[in-house]
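> Residues per chain are reported as follows:
There are 2 protein chains.
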Amino acid sequence: MKVKSQRIVISSARKFINIGALTRLWNLVKNFHAADIASLMNHLILRERLILFNIIYEKDKDKSAEVSSELDPEDAVQIVEALPIEQIVVLMQMMPSDDVAPIIELLPEELKDSVLTLMEQKPTEDVMELLHYGEETAGRIMSPNFYALNEKTNVSDAITAMQLEGDVESAFYLYVVNDQHQLKGVVSLRQFLFALPNTPIKNIMTTDVISVHTETDQEEVARNVADYNLVAIPVIDTENTLVGVVTVDDIIDVIEQETTEDIYKMVSLDTSDRIQDSPLTSIKKRLPFLLLSLLTASVSPWVVSHFRGSIQQAVTLAVFMPLVAALGGIAGNQTIAIIVRELAIGQIEWISARKALSKEILVGIGNGIVIGTILGGISYLLIRNPYLGLVLGLAVIINLFVAALVGTIIPLFLKLIKLDPALGSVSLLTMCTDSMGFAVFLGLGTLFLQHLA
Amino acid sequence: MKVKSQRIVISSARKFINIGALTRLWNLVKNFHAADIASLMNHLILRERLILFNIIYEKDKDKSAEVSSELDPEDAVQIVEALPIEQIVVLMQMMPSDDVAPIIELLPEELKDSVLTLMEQKPTEDVMELLHYGEETAGRIMSPNFYALNEKTNVSDAITAMQLEGDVESAFYLYVVNDQHQLKGVVSLRQFLFALPNTPIKNIMTTDVISVHTETDQEEVARNVADYNLVAIPVIDTENTLVGVVTVDDIIDVIEQETTEDIYKMVSLDTSDRIQDSPLTSIKKRLPFLLLSLLTASVSPWVVSHFRGSIQQAVTLAVFMPLVAALGGIAGNQTIAIIVRELAIGQIEWISARKALSKEILVGIGNGIVIGTILGGISYLLIRNPYLGLVLGLAVIINLFVAALVGTIIPLFLKLIKLDPALGSVSLLTMCTDSMGFAVFLGLGTLFLQHLA
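Sequence lines, in order, name chains A and B.
Numbered continuously in the numbering used here, the first sequence closes out at residue 453.
Numbered continuously in the numbering used here, the second sequence closes out at residue 453.
For reference, chain A alone in the conformation it holds in the complex (with noise of 0.2 Å):
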């Protein structure tokens, strides 16, 4: 939908449920992709949106259950909450088992007892396998719902099989499998469409498969399908048996949700943290990061403070000092932002942490030369006098090299104790940048004091 239809729709959705016209409200949905509905629901209140899905349920219960999957779990939940628990047992029913897993998940622990006890028995046995696997893992986002082909079996039976098995969630290929049930190899539906009826599955099949195992971190998986080119990858379990398959577009969830997560990570928000939160909310949600940095941005007044004398006798210390620490930050940034990056799209392994370090040690370096030459120069044409260009220029060449250096080892050290690299790193990062230029500024400040004062 364009922006100003959007508009349009929101506010006309609003009018229909606040004079309670739900006939109209459907006449303006009804026609509407789930993923549209969705976003629409983004814009609504919690009693708006309740009315909204109900109508939807009364009217095309099909409809509502792919709503409730296009919603974020967190939203699907708020809703799925308010409901009569025999129609929560009707949706969920109707849902794909890895988009019921995740709202199961986060129900109050009664009602997520009675909702799996009353549904019937082999979604529940698929719903509550998939909450086995562990968060943010091939095993949570698989879908357990797929078609597989034995080997054995001939073209033209497999066809009659799949028409009978009817609607086979977006099988764009399919699995093929041995009596054990292990995977060993996949037909795409054009090498059917093209093959004798009576040839083997076993001869048209391609054995080379790109597969993950359920405990792959979700990330990997993504990284998987977007190197390949492919559209779903396999799942499988420590005995190769075929488990699972994760599709492309549950690949762009995971991407667009691991990016959201580095981008908010590196400048410390908690990754639930949305714009349309009440501002009740994103005070708490923010609140405990600020208080951290408000322990990191203290070193600085502690560093500062102990060149009180040097700063009372030449006060042009004060003056230039933030610009030293600005520099530094704004270059560690950038080596943050490239280091997370390419930690996230898998450019750096190990092999070359000791070269992106080296690397972006003399690229700090070369960029502290040249501005901090420039910045001495201008201060000297500017003020006039010389020591002050040289100490200006110094700080800056050493705090970009320390910028360089920590902007380097913060994610790269925090990948290492297994912590997301950009978690907080940009706080880290000011804290290290401010107190270094300040320490270095204000030290080299006060060798040459009685030419500053």
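Calculated from the structure, these hints are not laboratory results.
Fair warning: there could be bad hints in the mix.
Since copy identity is lost for identical chains, a pair holds within one copy or between any two.
Here are the simulated SDA-like pairs of lysine to any residue, each with C-alpha atoms no more than 25 Å apart in a straight line [what the hints assert, rightly or not]:
no.: 1; residue 1: K285; residue 2: D270
no.: 2; residue 1: K61; residue 2: K112
no.: 3; residue 1: K202; residue 2: Q93
no.: 4; residue 1: K59; residue 2: L44
no.: 5; residue 1: K284; residue 2: L193
no.: 6; residue 1: K415; residue 2: Q6
no.: 7; residue 1: K61; residue 2: L118
no.: 8; residue 1: K202; residue 2: I159
Starting from the known structure of chain A, arrange chain B on it as the hints suggest.
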């Protein structure tokens, strides 16, 4: 490939190249996926890349074309330029047009013309046509080699036609057109498998096709594919004629490219800056931005210089001024990250720009009051000067308000004037939060000067 094996592969490849053991080099890589060979090349220097590429070309031309498709156009063009022109032409003719276009475009003008002249008619036309669309549009990234069915044919004729056509690139959906080649519907290969042979395509096709225009921005194309969970999207021109198809693997590339751009532009990095670039290359790429940052960063010394007198009387002001600025910077970065990201994933339309602003301002003031009160309280307890506590607390509240205001307005304004919302936003923000932080804190400090000295 796993990190460990990758390390061995790189060092083996290097060794084989340096001792001229080209057969062993070929044996090493011949079973690799083209994407893995491309990653391997990223870790080699140009001379090594050329040797590796030449042996692949010699042994398996198709594979060398696949590798060229997997490389970034910037890297591919370096290799291509070094090849004899006949070899370039062979290579370009084997590659899909949508991968050829960006490489051709980067070639020196003369070479480009000769290659286009030497290429056979058909592929040249495709490539020329792609080059004719605006940068970063659907037209640029689409593949013009798709297979469309006429709505009047029936299933069995269509299958025969497709079998004659041979390899139809990743045809997950088959698009249906009328006699004027206008897009009328879509049929999945699965619908084909399950339809009776004499059913007209018209009867099994879905008419509700989501499509984009040739001039649609690639980011919007990506949003459509992501939101509607597609694996391909058709591209039409102004007459509704089907002219190409964008597949999900290209979409993943777009999403990763746009995300890298967002992060890099936020911290004022050239989007082509890579960890494997030489230090000199990176210095050249970063210097212009650092020089600009030198200008923005020079605002704060100018601000501070107005308060020389106050600082001389109360050095405490110089000690605490970095804290106020740093907290503003951290909070402002949070706001910028949220706004840039929500703009990127399409959450903020213009309807909610004002809402976003008022929300962030409330969050800024709220957090400011909490952090300001805590900071004021602690500093009072430590230093026993109620006025310092008051000045610090007030300055933090005001600066967090400024940070929220500026952090929201910068990206929204950049978007309004059709620039990238992330462009240099962190430098601009630092300029504002630093200089406002100093101005407010030193200004308030000057008011209460007799109590602080």
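> Please go over all the hints and tell whether each is borne out by the structure.
Here is what the structure says about each hint:
no.	hint	verdict
1	K285 <-> D270	within (6 Å within a copy, 32 Å between copies)
2	K61 <-> K112	within (21 Å within a copy, 57 Å between copies)
3	K202 <-> Q93	neither (35 Å within a copy, 33 Å between copies)
4	K59 <-> L44	within (20 Å within a copy, 60 Å between copies)
5	K284 <-> L193	neither (57 Å within a copy, 54 Å between copies)
6	K415 <-> Q6	between (42 Å within a copy, 19 Å between copies)
7	K61 <-> L118	within (18 Å within a copy, 59 Å between copies)
8	K202 <-> I159	both (15 Å within a copy, 23 Å between copies)
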